Amino acid sequence: MTTTETPSERPERSVPKPVFTDAEAGAREFPDSGASARRYNYFAPAKRKQTHYEDVTVEVQPDPRHYLTQGWIYGFANGETGYPLHWTKLKAWGVDEPEPQRGIGTGGLPVENWPAHGWHEFRDPNEEWEQSLYRYNANVVRQLTQNVENARNAKAFTMWSPNWVRFVERHVGAWMHIEHILGLYVFASNERSAPTNMHNTALAANSTRKIRFAQDLALYNLTLTEEIEGFDGTAHLDAWNSDAEWQGARKVTEALTAIENDWGEAVFAANIVFEPLIGELFRSNLVMQSAAPNGDFVTPTVMGAGEYDFAQRDLRWTIACFGPLVQDREFADHNRQLMSGWLAKWVPQALEAARTMQPLWSAVDHKPPRFEDSLDRVKNRFAGICSDLGLDTPEELKL
Amino acid sequence: MSRQSLAKAHQKIQELAWEPQYHEPYMKYGTDYTFRKSAKKDPLKQVLRSYFPMEEEKDNRVYGAQDGAIRGNMFRQVQERWLEWQKLFLSIIPLPEISAARSMPMLFHVVPNPELHNGQAIQMIDEVRHSTIQQNLKRLYMNNYIDPAGFNNSLRNFQSDYCGTIGRQFAEGFITGDAITAASIYLTIVAETAFTNTLFVAMPAEAAANGDYLLPTVFHSVQSDESRHISNGYATLLMALSDEDNRQLLERDLRYAWWNNHRVVDAAIGTFIEYGTKDRRKDRESYAEMWRRWIYDDYYRSYLVPLEKYGLTIPHDLIEESWKQIWEKGYVHEVAQFFATGWLANYWRIDAMTDEDFEWFEYKYPGWYDRYGKWWENYSRLATPNGHNAIVAEDVDYVYPHRCWTCMVPCLVREDMVMAEVDGQWRTYCHEVCRWTDVEAFRPTYQGRETPNMGQLVGHREWETLYHGWNWADVVKDMGFVRDDGKTMTAQPHLDLDPKKMWTLDHMRRMPPLQSPNVLLNEMSDDQRQAFHADYVRQGPAGRPAPTDA
Chain R
1 MTTTETPSER PERSVPKPVF TDAEAGAREF PDSGASARRY NYFAPAKRKQ
51 THYEDVTVEV QPDPRHYLTQ GWIYGFANGE TGYPLHWTKL KAWGVDEPEP
101 QRGIGTGGLP VENWPAHGWH EFRDPNEEWE QSLYRYNANV VRQLTQNVEN
151 ARNAKAFTMW SPNWVRFVER HVGAWMHIEH ILGLYVFASN ERSAPTNMHN
201 TALAANSTRK IRFAQDLALY NLTLTEEIEG FDGTAHLDAW NSDAEWQGAR
251 KVTEALTAIE NDWGEAVFAA NIVFEPLIGE LFRSNLVMQS AAPNGDFVTP
301 TVMGAGEYDF AQRDLRWTIA CFGPLVQDRE FADHNRQLMS GWLAKWVPQA
351 LEAARTMQPL WSAVDHKPPR FEDSLDRVKN RFAGICSDLG LDTPEELKL
Chain H
1001 MSRQSLAKAH QKIQELAWEP QYHEPYMKYG TDYTFRKSAK KDPLKQVLRS
1051 YFPMEEEKDN RVYGAQDGAI RGNMFRQVQE RWLEWQKLFL SIIPLPEISA
1101 ARSMPMLFHV VPNPELHNGQ AIQMIDEVRH STIQQNLKRL YMNNYIDPAG
1151 FNNSLRNFQS DYCGTIGRQF AEGFITGDAI TAASIYLTIV AETAFTNTLF
1201 VAMPAEAAAN GDYLLPTVFH SVQSDESRHI SNGYATLLMA LSDEDNRQLL
1251 ERDLRYAWWN NHRVVDAAIG TFIEYGTKDR RKDRESYAEM WRRWIYDDYY
1301 RSYLVPLEKY GLTIPHDLIE ESWKQIWEKG YVHEVAQFFA TGWLANYWRI
1351 DAMTDEDFEW FEYKYPGWYD RYGKWWENYS RLATPNGHNA IVAEDVDYVY
1401 PHRCWTCMVP CLVREDMVMA EVDGQWRTYC HEVCRWTDVE AFRPTYQGRE
1451 TPNMGQLVGH REWETLYHGW NWADVVKDMG FVRDDGKTMT AQPHLDLDPK
1501 KMWTLDHMRR MPPLQSPNVL LNEMSDDQRQ AFHADYVRQG PAGRPAPTDA
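Same order as they appear, the protein sequences are chains R and H. Under the numbering used here, the first residue of the first sequence is numbered 1, with each subsequent residue one higher. Under the numbering used here, the first residue of the second sequence is numbered 1001, with each subsequent residue one higher.
In silico SDA-like cross-links for lysine to any residue, where the CA-CA straight-line distance does not exceed 25 Å:
hint, chain 1, residue 1, chain 2, residue 2
1, H, 1477, R, 102
2, H, 1028, R, 262
3, R, 379, R, 393
Hints in this document: simulated from the structure, not taken from any laboratory. Quick caveat: nothing in here was measured; it's all calculated off a predicted structure.
My request is simple: use the sequences and hints to build the entire structure.
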């Protein structure tokens, strides 16, 4: 005979009980229940249909000219509040219109014709928000890790000539400092300053890519220290601090961090002038051209990731930011003159720094294209960027 | 990461530290704190090569859960009472998050420690993540929840609504004024270390109990970043403590930051957790119990008190006073009652408390019914339009409160209200500490010491001022809290979506005009003002008029 044991009764646990509430879309009809009510309706999209990027970005940073009826509630000691429009000398249409003057019994005076001024028309063509930002950068670091790992397994570094090893440890290594300084002390440093959330988020994303690339180079340098006998992992510091070839670029890089109270000039000088004339000169026209003849197929993949960052993302949003200002319906002349002034100020510094780097073109066994040819290429590229922006190519480019 | 250990990789990236050789960086932001170049380590030890894939994976989990929630018809089980309060919460929170991102450069400018800048930069990216992931969650609610009104005009609403303005302190306070006061003490030492526990841990648990498992999905993912930010603040705090001259400022800023966070966060999150829930199990924690655990024990006793040995003056008195406000003076209940009184100036629906709610409140807060029960019964009686006005204009034994100039939550614990004439204007404050904040702390000198970088409290801080003398229908229309038929209000004092039971602008039109308490206060003679104050502090609890027989 078999017996069945009665299982001991489990004491009832205290847990929330599911309740059928029927609170899903479409369950009832009432004012605002229709499909047309299911979109953010407080801004005008750039195109016919608002994008996901716009939904998560636009209007998060308030503007007293829009709906901020009680105004900013904290001020700096000098009386400035929020995100002052004069934190750049650039102007977008409508900025000289006075802010609504609110007070006793005035009502909220909400914006009637959004966006009230031209700054709010900017959209980052890269549509950076968390998903795009993490997907992009995670893909880059995954690919880089695999590239370097593959080279390590294939013992690819043994094919490098001694001169190339010295070049990579000193000069490719030195470049990490420029990316780091630009990332932290130019782009991140200015992401509190611009007038809209779209600008500041683009600045933060640009900063992120720069800081990542700086770390990519540093960690690549660490791998090489582990993999190549005699590779000096600290030589980049000596090059950065002492090599004459680097002092020009360093001086300009540091000057970019010292731009006073103008986020517009900082971004313009970094992405429109410095990057094409110095960044692409070094990355594309020296390192990436020299590596293969010197037995190195790995370094171009690391450098290439940074190059793609700039060419396909950093420059892209920068053109979208500054281009419309040159055509601004109210301040086109003002902005064109201002940007021309910035070109006159920064192009000579960049060219002088570029020329200081010239000896690097002779530092390796298998030489890259001539320095002057490389410089001509970046000058042409730079002239094209000026043209894309609607700016005249500066006279200083002939220097 | 490949074979390189995280510690080794982190050590390597320290070689990126920059000592300017030709140009000093422009220092846009200032502080009255001084820092020796004492080398504190970056506590995050985060390297972007591992950070990005980690965050991407976290994102994938969040978005996978969101797909699952939609496919599984989560909104058939979501409590409307809960989701309605999310219209307020999710309109506020993306701005504090993005403001936290914006505050990081302020720290680069004033904290002379390149190693810490790395952690701050990563926090900047995290905060961009948080702001946009929260905007996206709200978008999902708007698309899938029965009533999109309030979500769909969320950021306009938030910027023009008085509750939004209260919440905005938890954003502008991070990015304005003295860089250390704002971005370090107010943001990381107090807001993130103490109050994100209730915001991002306690509140999501309540969401889950109300059928919403997306809020926990998103906010626990967010909180897993916050815990790293806490380390950022701690390192900066230790640097500040190493300089004796900073002690006075630290004491000032901890008092301000603690009290303001208590006033703002406890008001909002306390209301969401206690009045936004349908989970009335007696053994679920009340907000007071959560506060005791998360804030009093975990933050105050475990984090703050040990810092005393490093010379930090802890505001013990304010922590005890905050607890007293919550436990004895009914702070959260008073705030929830006020939110419901002013339902018509909001953009979400607030339903009445029921017998089941009453029982729970009485169990958790003995004496609750005697204080608040009758008023909530009146709220229920006046919920659907039936020839009467909205509750704010009906006689329900409730005196409309004055607003605190500093924290902008009304002066609801009436006995604590104080007044001061500041910059030619009479102002009311909900508590002596709020008066101190405005009159003494946010000034260019503090206790005789020059504090030229300290910020200021500015703006039209009393919302009613803007609409003084306006008809309520025009107020609601001006703020844009109207549905797509052009007359039905976004806000309602009940959850019934039957159009016949919903309040419209026509119902508002017949109400008496809105009056600004502060404008009226400033029109009084000195004697009238003193009499007003004497009466005010005898009012309450639950907003009751002062007794006439005293």
